[in-house]
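K.L.:
Using the hints, position chain B against chain A.
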Amino acid sequence: MISAAEAKDAFPDEVVTHATTRLVSVPGLDKPVALITIDNGHDHNRPSTFGPQSLVSLNAALDEAFAAEPAAIAVTGKPFVFAVGADLSGVEQIARRDLAVQIAQTGHDVFRRLTESAIPTFAFVNGAAMGGGLELALSCHYRTLADNVAAIALPEVFLGLFPGWGGTQLLPNLVGPDAAVTVIIENALNQNKMLKPAQALELGITDELFGSADFLEQSLAWLVRVVRGEHTPARPEIDRGSGWDAAIGRAKAVVEGKTKGASPGANKAVELLELARNADLDTGYAAETEALADVLMTDTLRAGLYSFNLVNKRAKRPAGAPDRSLARKVGKVGIVGAGLMASQLALLFVRRLKVPVVLTDIDQDRIDQGVSSVHDEVGKLLSKGRISPDEANRLKALVTGSLDKADFADADFVIEAVFEELGVKRQVFAEVEQHVSAEAVLATNTSSLSVTQMAAGLRHPERVVGFHFFNPVAVLPLLEIVRGERTDDTTLATAFAVGKQLRKSCVLVKDAPAFVVNRLLTRFLGEVLATVDEGTPFDVADSALDPLGLPMSPMTLLQLVGPPVALHVAETMHEAFPDRFGVSDNLRRFVEAGKNAVWTWDEQGNQRLDPEVAELWRQDDRPSTAEQVRERALSALAEEVRIMLDEGVVAEAQDIDLCLILGAGWPFWLGGITPYLDRSGVSEKVNGKPFLAPGVASVPSA
Amino acid sequence: MAAPVNPAAPTARAGRTVAFVEGVRTPFGKAGDKGIYANTRADDLVVKVIRELLRRHPELPPERVDDVAIAATTQTGDQGLTIGRTAALLAGLPKTVPGFAIDRMCAGAMTAVTTTAGGIAFGAYDVVIAGGVEHMGRHPMGEGVDPNPRFVADKLVDESALVMGQTAENLHDRFPGITRQRTDAYAARSQERFATAVKEGNIGPDLVPVAIRTELGWDLATQDEPPRPGTTVEQLAGLKTPFRPHGRVTAGNAAGLNDGATGALLADEDTARELGLPVGMRLVGYAFAGVDPEVMGVGPVPATEKALARAGLSISDIGLFEINEAFAVQVLAFLDHFGIPEDDERVNPWGGAIACGHPLASSGVRLMTQLSRQFAQRPEVRYGMTTMCIGIGMGGTVIWENPAWEGHK
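So the protein sequences, as listed, match chains A and B.
In this text, residue positions in the first sequence follow this note's numbering: the first is 1, and each later residue adds one.
In this text, residue positions in the second sequence follow this note's numbering: the first is 1001, and each later residue adds one.
Be careful, since some hints might not be right.
Said to hold, decoys possible - Calculated cross-link-like contacts (lysine to aspartate or glutamate; reagent style DMTMM-like; alpha-carbon spacing at most 20 Å):
#  : chain 1 : residue 1 : chain 2 : residue 2
1  : A       : Lys354    : A       : Asp376
2  : A       : Lys510    : A       : Glu639
3  : B       : Lys1095   : A       : Glu391
4  : A       : Lys31     : B       : Asp1219
5  : A       : Lys196    : A       : Asp147
6  : A       : Lys252    : A       : Glu274
7  : A       : Lys193    : A       : Asp147
8  : A       : Lys260    : A       : Glu186
9  : A       : Lys329    : A       : Asp412
10 : B       : Lys1199   : A       : Asp30
11 : B       : Lys1095   : A       : Asp147
12 : A       : Lys595    : A       : Asp539
13 : A       : Lys595    : A       : Asp585
14 : B       : Lys1199   : B       : Glu1225
15 : B       : Lys1095   : A       : Asp390
As the list claims (entries may be wrong) - Short derived list, chain B residues pointing at chain A, Cβ under 8 Å:
#  : residue
16 : Val1047
17 : Lys1048
18 : Leu1090
19 : Ala1091
20 : Leu1216
21 : Gly1217
22 : Trp1218
23 : Asp1219
24 : Leu1220
25 : Thr1222
No lab work stands behind these hints: they were computed from the structure.
All residues carry an ideal CB built from backbone N, CA and C; glycine is no exception.
The shape of chain A in the complex, shown without the other chains (with noise of 0.2 Å):
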């Protein structure tokens, strides 16, 4: 065990969660119940976490609680929060293997007293447990949760990591490994699903759901039940044969599709799973930490935890966002088009900001449709018990469509989700101008037409900026708000906090072509595209990024833009960009044949090159292998990340990484995109310098 000033030393700056052991009388028992309170002194906003020091109180606190020699121990947490793992910034100071074994073994050593006590212990988990904070609550005997808990997680496989102090050795054994798959990789790689309470009751993490009102009273009530005998928690049967090799080989699938075995994390997670079939907890835990320590020490993780930052930190507070005082109210919305762009964007804007939105389109045809269309969505989010019948009334009366613009005169924020042409766009919004208020913002959702040109000849071009969504718009994270060279501060900050309100992660880009993710993408499917084109076979080109674990793989994300919109984003940068973005005449001819997608699938899910395809693409005789492929792509996507920081188009590099992550859901463990190619050399190679200083998404120098 770690003693007080070498944890101080370790992480001086840790918001120490502080233990405290009060032995209390419970009706029932003659002896008293050692309750361990863990609480770090602030209100729910800072959730209690464990780093060093606060390893070293639960440990005195257990010294305490054991001496006194009670009924039972039992632990638990301040309002609202149970605790929620290890302190994320202690983490990323670790800078020497010896370190991260201490950190493992320390919170092995500590959590492990509760787990082979001879008096019974109990987690009281009266809130938020995840991580660290769920496996201190799986060291104990027996368990209590409180039917409030809105997150109950093993979310570290997530970040790039894998529950390291116990979880992947006592979950199976506990649940059945069935189970711990679930929670520990499947949810984890879902987007960080949390679990419900009744759902951890059913998959027996807890033994007992209690109601919130009066939670600790009845957990204690219940403690005094078990401590006596009187009942006695069910456990299952845990199948250490087929079914543990069936859970096993179900945990292996989901991290192959959804990681392709980029993240050292979910790996390890997978073989700590199955030596946890027969392991004690001597070997498995010594195996937890040797792997903790291993994987704490790549870059991998650290991109992972940059990750975790950019979303949770950096997404909050955008870079280069006005005064937010300055944002006007928005009290009615209006939006040009009626086409299916448009019904989604009125669904949303109705949804978060419950104001009058109204559609106008060319015909009244059209404005009917997409009017019913967003109707029709509030009665499907009203069918799934989404939202409550008066609620939907409310939303379906706010949503009207009119053909005369002058039903604009009193709306604040006006968006225009038309056909893709400046000439069509500016004739929208002159129209519109002749309508609204002087300060009315004028919005435009394009997804490479400058901003800055749309503007110009407005009576009021300062109230022009962009308003980038990614499609689907309700499930997409990512909101682009785009300053052209005249939009004014008030205008900015407005767009900011709709973006805020519409519950997206905003990101500033200038009026740069394609801003920053159709940008980015555009350049890295060109230079697949142009490969192909070249002569590499389709199979080559299309699997030679899988070792970076994308979410999908270019042919695949070319079929779900749409090659229209792809060809028309290619063209669109190929003019500004003549050197740098080529447009593929295959790709011409593939669009205006129609096709959609380049694979088929047979009837057994095998892929196939489309014959059709084969047949009208048209390649030359100067193939690439896979690792050249590769190397391009990479090479061009650096080149271009470069090119846009000096442009300026974002403020850092942690802003393109935060595009990436969210509006393309390239993967935590590439830490979007700048922090791979920085440890793998091609930053240093074509640009002859890192995006990011050492330790920022890297293990920082010892």
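P.N.:
Same frame as chain A, but now just chain B:
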């Protein structure tokens, strides 16, 4: 448009019998930063009580509760917001169950019972929850009050009427025969009787444990904080008289400033039988009466006379008295008036508020809860009484019948 005539429409209601099913309470705490409930909200205390009542009576479908009446004297902050309704929601009762807040100073919970009992007798309710709460640490008596200046200008009441300790001194003036020695002796006996009752397991069944946050983490309140077992008259004689120089009222012969909540289930007796709810007591009658606010402690006397007269009973019919001990002098004034010895075993046999505390609006139901448990132990007693003095010059008395009475045998 005239309403259609319903030939079967009732024109009058016959009264129904009101049963006191069971009462519970939180342990009582000392008000203030060091008290057990320093970090606990008043509404949460009520929630624990309601949930305990429902837990003890799984035979009662929660949706059958027709109303929740919760009293508090200071109805602001965590005692505000229509506390009967909000506490019902917080306790997890169905949203279809309504609730309201009620205030009659110290007799809040008592009035919650009598008011809802009236509704049961009338046929408007089958089952109700009635109770009270006072967190005097968070809401000291008189918090935010704004007395009308006419009280003083028009000489409606003396200024001392709003300070309960001064009204107790005034009561000593009115009854010179009640001396400091007598009140101290009474107080010592209350402490002793309460301590014995705790030891014999008579108090524990009333209590619902409450988890409390302390500087050393969570703790569980399982017993009352105010009692001082072993208190002697000699110790009491040495206490200061804060309300008057050389006065008679001390912290020892009065109830303290306390935090706590109580609640009870009441039901129409037939409904209780239908649902399988036990009947702890039957309501016989009740009355409230006003007196000079300067001597509010005399209130139980006229209230009791009125209640007895309405019920057609006399004081000699009452076999058990639970009288609230706001001040020993006020209990003695009552006993002297009715000619009852001050150490009579029928009066507060398990001690009273001088020992266990008096969180104002909650106390009425504590008296009833204890009386109902005494009834169960004393089948020879037919009638019992709960009575209390009330700030601003009132008294309240409720007469109960013991369903365990074996007199007919």
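K.L.:
Decide, hint by hint, whether the structure agrees.
P.N.:
Okay, the hints, checked on the actual structure:
Our distance criterion of 20 Å between C-alpha atoms is met by Lys354(A) and Asp376(A), whose separation comes to about 17 Å. Simply put, Lys510(A) and Glu639(A) have alpha-carbon atoms about 18 Å apart, close enough for the 20 Å limit, and the pair holds. The straight-line distance between the Cα atoms of Lys1095(B) and Glu391(A) is roughly 19 Å, inside the 20 Å bound, and the hint therefore holds. Between Lys31(A) and Asp1219(B), the direct Cα distance comes to roughly 15 Å. Compliance with the 20 Å bound is thereby established for this hinted pair.
The hinted pair formed by Lys196(A) and Asp147(A) meets the criterion: a straight-line CA distance of about 9 Å does not exceed 20 Å. A threshold of 20 Å between alpha carbons decides the hint, and for Lys252(A) with Glu274(A) the separation of about 11 Å falls inside it, so the pair holds. Between Lys193(A) and Asp147(A) the alpha-carbon distance is near 18 Å, which keeps this suggested pair within the 20 Å criterion. Taking the CA atoms of Lys260(A) and Glu186(A), the gap is near 14 Å; set against the 20 Å cutoff, the hint holds.
The straight-line distance between the Cα atoms of Lys329(A) and Asp412(A) is roughly 8 Å, inside the 20 Å bound, and the hint therefore holds. For the suggested pair Lys1199(B) and Asp30(A), the alpha carbons sit about 16 Å apart, so the restraint of at most 20 Å is met. Only pairs whose Cα atoms come within 20 Å are accepted, and Lys1095(B) paired with Asp147(A) is accepted, the gap being roughly 18 Å. Of the pairs offered as hints, the one joining Lys595(A) and Asp539(A) holds, with about 18 Å between alpha carbons and a cut-off of 20 Å not exceeded.
Using a Cα cut-off of 20 Å, the hinted pair Lys595(A) and Asp585(A) holds, with the two alpha carbons roughly 14 Å apart. Distance restraint check for Lys1199(B) and Glu1225(B): the Cα-Cα separation of roughly 15 Å lies within the 20 Å cut-off, and the hinted pair is therefore satisfied. Straight-line distance between C-alpha atoms of Lys1095(B) and Asp390(A) comes to about 17 Å, which keeps the hinted pair within the 20 Å bound. Interface hint status for Val1047(B): upheld, as the beta-carbon distance to the closest one in chain A is roughly 5 Å, under 8 Å.
The beta carbon of Lys1048(B) is positioned within 8 Å of a beta carbon in chain A (closest approach about 6 Å), and the interface hint is therefore held. Taking 8 Å as the C-beta cut-off, the interface hint given for Leu1090(B) holds, the closest approach to chain A being about 6 Å. A distance limit of 8 Å between C-beta atoms decides the matter here; for Ala1091(B) the minimum to chain A is near 6 Å, and the interface restraint holds. Nearest Cβ of chain A to the Cβ of Leu1216(B): about 5 Å, under the 8 Å cut. The hint holds.
Because the beta carbon of Gly1217(B) sits about 3 Å from the nearest beta carbon in chain A, less than 8 Å, this interface hint is met. Among the interface hints, the one on Trp1218(B) holds; its C-beta lies about 5 Å from the nearest C-beta in chain A, closer than the 8 Å criterion. The beta carbon of Asp1219(B) comes within 6 Å of a beta carbon in chain A, closer than 8 Å, and the hint placing it at the interface holds. Because the closest C-beta pair between Leu1220(B) and chain A is about 5 Å apart, less than 8 Å, the hint holds.
A hinted interface residue such as Thr1222(B) counts as satisfied when its beta carbon comes closer than 8 Å to some beta carbon of chain A; here the least separation is about 6 Å, so the hint holds.
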